[in-house]
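Order-wise, the sequence lines are chains Z and S. The opening position of the first sequence corresponds to residue 1209 in my numbering, with each subsequent residue numbered one higher. The opening position of the second sequence corresponds to residue 232 in my numbering, with each subsequent residue numbered one higher.
In short, the hints are calculated from the structure, not lab data. Any given hint could turn out to be false.
[To be verified] Taking lysine to any residue pairs in the SDA-like style, the calculated list, with each CA pair at most 25 angstroms apart, reads:
no. : chain 1 : residue 1 : chain 2 : residue 2
1   : S       : Lys299    : Z       : Gln1252
2   : Z       : Lys1217   : S       : Gly273
3   : Z       : Lys1265   : S       : Ser261
4   : S       : Lys332    : Z       : Pro1278
5   : S       : Lys332    : Z       : Gln1245
6   : Z       : Lys1265   : S       : Met279
7   : Z       : Lys1217   : S       : Pro270
8   : S       : Lys335    : Z       : Asp1209
9   : Z       : Lys1304   : Z       : Leu1247
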Amino acid sequence: DSGVTQTPKHLITATGQRVTLRCSPRSGDLSVYWYQQSLDQGLQFLIQYYNGEERAKGNILERFSAQQFPDLHSELNLSSLELGDSALYFCASSLKRASYNEQFFGPGTRLTVL
Amino acid sequence: KNEVEQSPQNLTAQEGEFITINCSYSVGISALHWLQQHPGGGIVSLFMLSSGKKKHGRLIATINIQEKHSSLHITASHPRDSAVYICAVAQGGSEKLVFGKGTKLTVNP
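Given the sequences, and given the hints that come with them, work out the whole structure.
What follows is the structure, given as structure tokens:
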């Protein structure tokens, strides 16, 4: 158990809908990273937050947004969902802000868009 | 060309064999991560290294910064080592990780 929690584990929804994925980092970790893993693209970095502020952006679509709250949990919002958004979404946390620190991964949320 | 290349893509071994998975990258990095993803989907961080060699149990990771290459070795492989092993690099000056496509390892009893 990494200490990182993600909810829900599974999510099935329809095209055009909006969903929110939630991540609670390990106790004491200030950085949260979001990743998307699809069959054709593999793992891709989406976005990173450190202590409430956005630190880095990767291949995140404009339809997606995220935030980190004062209690350090983070939410990833996906809107106007398309079939191609079906993927595993992982969050990870680390103590410090740089990606060269060890990251601890949550169990993931499997999103299926029908 | 991907910034992070792993080889082989798939690897099948017999229990007890010594296994090597390779990772080559084309950018300057501050660190390299080896991750393990189990069939159920969960990801575990195995190593994070920026130079030299690290060992944890039967797993050994090495990195050669000059050659932009890292290897993950598994000694005395076991069926429970069956998983996808993913190499990821932390690009110098950037906060993001760039991932290889993974190596699927199957260890048969």
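(request) Starting from the hint list further up, note which numbers the structure goes against and sort them upward. (result) 4, 9
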